[in-house]
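A.B. asks: One-letter residues, chain by chain:
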Amino acid sequence: MRKRVKGFGLILLIFVLALMTACSSSDETESGKKELTVVYRSPGSVDSLKNFFDSGVLDEFEKEHPDIDVKITPITASEGDYFSKVALQMKSAETAPDVVSEDTFMLNSDANAGYLDPLDDRIADWEEWDNIIENLKSGVTAEDGKVYGVPSTSDSRGLWYSKELFQEAGLPVPWEPKNWEEVLDAAITIKEKTDGVTPLFMQVGKANGEAVSMQTLEMLLYGTGDTLYDDSDKKWVVDSPGLLDSFRFISQVYDVEKVGPDFSVVMSGQSGNVAFQQLFPQKKLAIALDGSWNARNWAENGAAPIENVEEKIGFAPMPTQNGQEPGAITMSGGWAWAIPSKADMKEESWEFIQFLMEKDNSINRSLTDGNLNTRTDAVEVEEYVNRPFAKESQAYLENAQFRPANDKYPAVSTQLQTVVEAIATGKLTPEDAVQQYKAGVERVVGKENTKVAE
Amino acid sequence: MHRKAILFLSPSWILLLLFFITPMLLTFGFAFTNLSLTGTDAANIQFIGFQNFTNMFQDPEFRISVFRTLIFLLFSAVVGQVVLGLILALLMKEKRRGFRRFIGVIVIAGWVTPEIVVAFCWVAFLSDAGTFNAILQGIGFEPITWLFTFPMVSVIIANIWHGTAFSMMVFQAALDDVPKSVQEAAVIDGASRWQIFFRVTLPIVKGSIVTNMMLVTLQTLGVFTLIYTMTGGGPGNATQILPIFMYNQAFVNYQFGYGTAISLVLLVIGTVASLLYMRFMKVKL
Numbered sequence: 001m002r003k004r005v006k007g008f009g010l011i012l013l014i015f016v017l018a019l020m021t022a023c024s025s026s027d028e029t030e031s032g033k034k035e036l037t038v039v040y041r042s043p044g045s046v047d048s049l050k051n052f053f054d055s056g057v058l059d060e061f062e063k064e065h066p067d068i069d070v071k072i073t074p075i076t077a078s079e080g081d082y083f084s085k086v087a088l089q090m091k092s093a094e095t096a097p098d099v100v101s102e103d104t105f106m107l108n109s110d111a112n113a114g115y116l117d118p119l120d121d122r123i124a125d126w127e128e129w130d131n132i133i134e135n136l137k138s139g140v141t142a143e144d145g146k147v148y149g150v151p152s153t154s155d156s157r158g159l160w161y162s163k164e165l166f167q168e169a170g171l172p173v174p175w176e177p178k179n180w181e182e183v184l185d186a187a188i189t190i191k192e193k194t195d196g197v198t199p200l201f202m203q204v205g206k207a208n209g210e211a212v213s214m215q216t217l218e219m220l221l222y223g224t225g226d227t228l229y230d231d232s233d234k235k236w237v238v239d240s241p242g243l244l245d246s247f248r249f250i251s252q253v254y255d256v257e258k259v260g261p262d263f264s265v266v267m268s269g270q271s272g273n274v275a276f277q278q279l280f281p282q283k284k285l286a287i288a289l290d291g292s293w294n295a296r297n298w299a300e301n302g303a304a305p306i307e308n309v310e311e312k313i314g315f316a317p318m319p320t321q322n323g324q325e326p327g328a329i330t331m332s333g334g335w336a337w338a339i340p341s342k343a344d345m346k347e348e349s350w351e352f353i354q355f356l357m358e359k360d361n362s363i364n365r366s367l368t369d370g371n372l373n374t375r376t377d378a379v380e381v382e383e384y385v386n387r388p389f390a391k392e393s394q395a396y397l398e399n400a401q402f403r404p405a406n407d408k409y410p411a412v413s414t415q416l417q418t419v420v421e422a423i424a425t426g427k428l429t430p431e432d433a434v435q436q437y438k439a440g441v442e443r444v445v446g447k448e449n450t451k452v453a454e
Numbered sequence: 001m002h003r004k005a006i007l008f009l010s011p012s013w014i015l016l017l018l019f020f021i022t023p024m025l026l027t028f029g030f031a032f033t034n035l036s037l038t039g040t041d042a043a044n045i046q047f048i049g050f051q052n053f054t055n056m057f058q059d060p061e062f063r064i065s066v067f068r069t070l071i072f073l074l075f076s077a078v079v080g081q082v083v084l085g086l087i088l089a090l091l092m093k094e095k096r097r098g099f100r101r102f103i104g105v106i107v108i109a110g111w112v113t114p115e116i117v118v119a120f121c122w123v124a125f126l127s128d129a130g131t132f133n134a135i136l137q138g139i140g141f142e143p144i145t146w147l148f149t150f151p152m153v154s155v156i157i158a159n160i161w162h163g164t165a166f167s168m169m170v171f172q173a174a175l176d177d178v179p180k181s182v183q184e185a186a187v188i189d190g191a192s193r194w195q196i197f198f199r200v201t202l203p204i205v206k207g208s209i210v211t212n213m214m215l216v217t218l219q220t221l222g223v224f225t226l227i228y229t230m231t232g233g234g235p236g237n238a239t240q241i242l243p244i245f246m247y248n249q250a251f252v253n254y255q256f257g258y259g260t261a262i263s264l265v266l267l268v269i270g271t272v273a274s275l276l277y278m279r280f281m282k283v284k285l
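As they're listed, the protein sequences go chains A and B. With full-length UniProt numbering, letter number 359 in the first sequence gets 359, and the count goes up by one each step, no holes. With full-length UniProt numbering, letter number 58 in the second sequence gets 58, and the count goes up by one each step, no holes.
If you are wondering where the hints come from, they were derived from the structure by calculation, not from laboratory data. Just so it is clear, the structure is predicted and the values come from calculations on it, not from any experiment. For every residue, glycine included, the Cβ atom is placed at its ideal position computed from N, Cα and C.
Here are the simulated lysine to aspartate or glutamate pairs, EDC-like style, with alpha carbons at most 16 Å apart: (1) Lys284(A) to Glu168(A); (2) Lys447(A) to Asp59(B); (3) Lys427(A) to Glu61(B).
Label pairs and their in silico Cβ distance ranges: (4) Glu134(A) to Leu70(B): 50 to 58 Å; (5) Glu300(A) to Glu142(B): 35 to 43 Å; (6) Glu454(A) to Phe19(B): 55 to 63 Å; (7) Gln183(B) to Ser78(A): 50 to 58 Å.
Some chain B residues judged to face chain A by a derived CB distance under 8 Å, without partners named: (8) Leu37; (9) Gly39; (10) Gln58; (11) Asp128; (12) Gly234; (13) Tyr254.
Hey, can you work out the whole structure from these sequences and the hints?
C.D. replies: See the structure below:
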């Protein structure tokens, strides 16, 4: 009996020891190389960034740095879940990756939380920094004025429209609306002249989360001259003429003129896919206010390929409210490479980021994933500019605006989504919506951090 | 002898203390902080008193979520699972074994299916181009966007489908324990079937009913996967019950402290409901 207990104890001891060694993280791989972990978000089935890494880029880097073994660890998750997972990883030195891909709108929050290392000293000695589009640099600068990431991909937004439907309805092609009214008029014309076609698609369903705030409300609001957040006195603008006008436009489209899509489409989390993979290719949608990345759907290897797509579909800039300067605007987001403050081989991390941002690598990545490039000299590369809609998408970046670099943005954005949906479904008038938004934001950020614009 | 007992119990006590009681106390404590996943608050946790709770009670969205939770609880747990489970158990009582088995297996199939699979089945059944609409169209009706037009009804039915088997089994066991002699005595005294049921059977199984109601209530208050997968809390916020509201605050808005405070409210609702059942049915457990 006693022997048995001893034997059991021994097995238990071995088990515990094995468990402990398995848990202890070691950056040394078996071959004695240092392991550089890279974390980014994978959308699932089609992981274009993985394809880019597998195309031989990593081998090249490892050849140049024989002591480093790059370990690519994509996180397959929705955007929101990705942020949570990455934040939890970066909290502990045990799990913090060496290089992390950050959405530019989370960059400020994660920098404030102390999860990221400022890169100012490093970019000071890095020539390529000057080749990054100037406008995008404000997207990676946090509230404290320091740079926390290197912009790796970008995007712009505008009005996708069906050239075929426009011709049928007798509208001009190419289309370049000068103000909001022309957008609405075009939608009304489509409604009158065509049958079974959705005139104008804008994301308004809460199920689509951030898309509602950024692709719809902010694309309108930032074209009125008003903003969500005042950087100069660091206060949230909870009531402004521009906000009311933006709400009114949404109400016009969905509730008054009824030129929006069916609610069962627009309220579902799949509405973007339905619009771009089904409605547009089937000529059942005339105009959609959405992001440049949607062009990917129509490429040869996309979800809904369209031949000679540029003859059938156009991408117009989103005009400002009354055509005021600069005439058109886009919100811009995108991703950046950053180094967690608890990473244990920051020098190597920086080497890798520099390598990824070299002209050839950076452009090859854009060619693989269809996003916009962040380098000023990308437009000189024929292969890049010749992709459908690349020229327009890239050009709109000139008037790019960014979301508020403030911790509370995600919570404020949720408030926006709620009221936008309520306006679209006719549950709130634009005026009441402003009041509800004001009360909601005052609650989440504190009344002392808000103001009313004249 | 006594000392030895303490010695042998100590590992389990230490484990319980470490992994059960400490996190519980921590959760309670975090509800009074501005704990956040990211942002300045993440670097700098502060005790903020009852701020989370005052914010919560001022938030109209929270009040509606509580209301929705109660609706969901009433219809899917109390009315749906408990009543339906009792009826099923009664109908199956004293039927042939083959029949009992046959029906039992069908009902229990819903219960043994994992929640996420149940959710997918119901989405496939109710979605715009789903099975139900295909059937409706087949017999000449217009398709209905169930998950959009009747979201709350849809998730309630799905939850009833998933959970009824549990109540049914509890009641079956309880009903089998009702002594035949008591019922026979009632029959001899001239009691009708309804009288036997309400005056004899029901009082005997009362304890099981209350226990079952408590279990089903607590389980229903924790339903997340089913609703999150079927509707995501939408459309709009139509199916945003408290667990979904809590998730949104904690993992979409990154306000962990606030989310924790909401979870305490959920706990209170569960406790109050359980006490009410016991009071109402005059049962001591």
